[in-house]
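Protein chains in written order, with the working numbering: chain A, 1 to 245; chain B, 1 to 287.
Hints were generated in silico from the structure; no laboratory data involved.
Here are the computed lysine-lysine pairs in the PhoX-like style, where the Cα-Cα straight-line distance is at most 25 Å:
id, chain 1, residue 1, chain 2, residue 2
1, B, K185, B, K113
2, B, K260, B, K68
3, A, K58, B, K241
4, B, K44, B, K68
5, B, K185, B, K68
6, B, K241, A, K57
Nothing here was measured: the structure is a model prediction, and the numbers come from that model.
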Amino acid sequence: MNNRDVMAIISARLLEDQQRVLVGVGTPNVAANLAKRLHAPNLVMIYESGIIDARPKKLPLSIGDGTLVEESLAVLPMGELFSQYLQTGWIDIGFLGAAQIDSRGNLNSTTIGSYEHPTIRLAGSGGAADIAHHARRTITILPHSRERFAAKIDFVTSPGHPPGGCRTDGGGPWRVVTDLGLFGFDSEGEMICLSLMPSHTYEEILDMSGWHIPFQSPLSVVPDPSPEEIRVLQSLYDTLPGGAL
Amino acid sequence: MSKLLSAQAMVDQIPDGASVTIGGSSLSRKPMALVRALARSGRKNLTLIVNVGGPEVDLLIGLGVVSKVIYAFVGFEVLGLAPHFRAARQTQQVEFEEWTEYTVMAGLDAAIKRVPFLPTRAGLGTDVLHVNRSFRTIEDPFSSQTLVAVPAIHPDFALLHVNYADDRGNGVILGDGHIDVLCAKAARTTFMSCERVLNGEELQKFGRDVQVLRIHTQGVTEIAWGAHPTGCAPEYRADLKHLEEYIAATGDAARWNAYKDNMVWAEHNQYLDRVGGREHLVSRLHV
Chain A
1 MNNRDVMAII SARLLEDQQR VLVGVGTPNV AANLAKRLHA PNLVMIYESG
51 IIDARPKKLP LSIGDGTLVE ESLAVLPMGE LFSQYLQTGW IDIGFLGAAQ
101 IDSRGNLNST TIGSYEHPTI RLAGSGGAAD IAHHARRTIT ILPHSRERFA
151 AKIDFVTSPG HPPGGCRTDG GGPWRVVTDL GLFGFDSEGE MICLSLMPSH
201 TYEEILDMSG WHIPFQSPLS VVPDPSPEEI RVLQSLYDTL PGGAL
Chain B
1 MSKLLSAQAM VDQIPDGASV TIGGSSLSRK PMALVRALAR SGRKNLTLIV
51 NVGGPEVDLL IGLGVVSKVI YAFVGFEVLG LAPHFRAARQ TQQVEFEEWT
101 EYTVMAGLDA AIKRVPFLPT RAGLGTDVLH VNRSFRTIED PFSSQTLVAV
151 PAIHPDFALL HVNYADDRGN GVILGDGHID VLCAKAARTT FMSCERVLNG
201 EELQKFGRDV QVLRIHTQGV TEIAWGAHPT GCAPEYRADL KHLEEYIAAT
251 GDAARWNAYK DNMVWAEHNQ YLDRVGGREH LVSRLHV
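Next comes chain A alone, as it looks inside the complex:
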C-alpha cells in the first residue's frame, strides 16, 4: 500500500450509494471504481467524455478508454453532458485532482511560477474549472506538501469558496484528501482538518502547509484500510496491463 492507495481508499469512503459522481483521471478514477465495488454499487459514475453510468470491468486507463463505453447506460455527446447535465446541477460530486490548493479550495492546474515565465507548465484546466463551478460539491485529492498547500497559489484554475464566506448555493469545495489528512471547510469557507490519515500527526500537517490549517475538535484518525478494501483495490489493479499503475 502506497500513499496513493490509501488516499484512494479514504476518498472512496466519501462517496455514497446512488450519488452521481463526475470522475476525473488518476486517483479519483481509482477511488470511484473502488467505491462502486464496495459500499456504493449503485454509484453513477460519469466520465467527462460523455459516459453516463459506467460499469467498467477493468480499471479504465484514460478518458476515452473503450472499457468505459461497454455496458454504460449512455454515451452522450460531450457538449451535451457539460451544457445540459453538469450546468443544470445534476452532478452530485465532482472529483478533482490539482497541483496546488489554497485555504479556500481554489485549485491550480495551469502553471507553477509566474504565468508569463512558469517553471513548470501543467496540463491546463481540462474540465476542472467547469466542474468546480457546476457540480453540487467537489472532492479534491492531492499529495500534501508545502509547495502544494500554498497560502497563495500561483494560478487559480478552478474556483474555491469566494472571499468572505462559503459559496451561497451550497456548492464548491467539500472535502480534500491528502496523504496526511482529511479536510473540510468551515462556515467561512476556510479549510479545516477533520481527521488525520493513519500514522500521521497534526504537526506534520502544519509543517507541510503554507498556512495554519486549524483542526476540528476532537481530531480523529481515519480508520486504517480494511482487508476488504485492500483486497478489492488489488483486484482492480489486477485488471491493468502489467498489474499496476
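Using the hints, position chain B against chain A.
Leaving out everything else, chain B in the frame of chain A:
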C-alpha cells in the same frame, strides 16, 4: 459525389497560418496519420484548437510549425505531461490561450449557431479570465448578474479520425464522440480519416452511431491504424509503449531528429512497418 481524397491532397489545401481544430481526446482517436501528413507538408504558423490535446499537439509543437494553441488541456494522461508542449510553454515559443473544456465547446457551439458568443458561469472567480483576453465578463440584461461571454471559435479546418466513413462524408464513431461533431460543424472545411471506408448502404446500418453527417465533410480518406499511437475504440488501445519511446526521444536533439526521420517523414505504410507492422500491432493493441 465522392469526397475521397488522399491525406496529401487534404493537407495541400491547408495554408500557412490556418487554424485547425482536432478531434479525439488526449490518447483517444486523434487523427495522427493526418497530423503527420500535415507535419510533412511544411505548413507553418498554425493555430491549433483542441479541447483535450495530446500527442498531436505535442508533435506539431515539436516540429516548430505551431504559433498558437487554444486549449483546455494538453497531456498524455497516465504517461504524464506532454514534453514539447511543456517546454514550449516554459520558453514562450508558442502563444497559449487558456480555455476550459466547456468553454471550448461553447465557442464552437456559438460559431455553429452563428451568434458572436455564448454566456456561462464557468470561469468566474479564476485567473483564466485574467490571462485569456478573448473572454469578457458581461452583465445579464435581464437580471444584472455577471456572466462570462465565450466568443465564437471559427476554425478554418477540422481534422478527425473515425471508425468508418462512406465516400459521401458520413462518419461512424463507435466509442466516445468527444467533441468531433462540434469540430466538424464549426470548421469551414472538415477532413476525416477512417479505419475503413464502407459503401453508403453498409454505413447507414450503423444508425445512431453515424455521428458526422456529410453536410459537414469535405474530404474522406481510409487510413487503417490512422489514430496510432493513440487508440481507436473499440478496435485498438493507445500504444503506451510507443508513446513512452516518443517521450524519451523528446529529451535529446539527436534522438528527436531520429524519431522525426523514422516516424514523421514516412508514408503511413512505412510508419506502420517501423512501429512493428500490422500483425504485431494487432497482437499488442487489439481489444
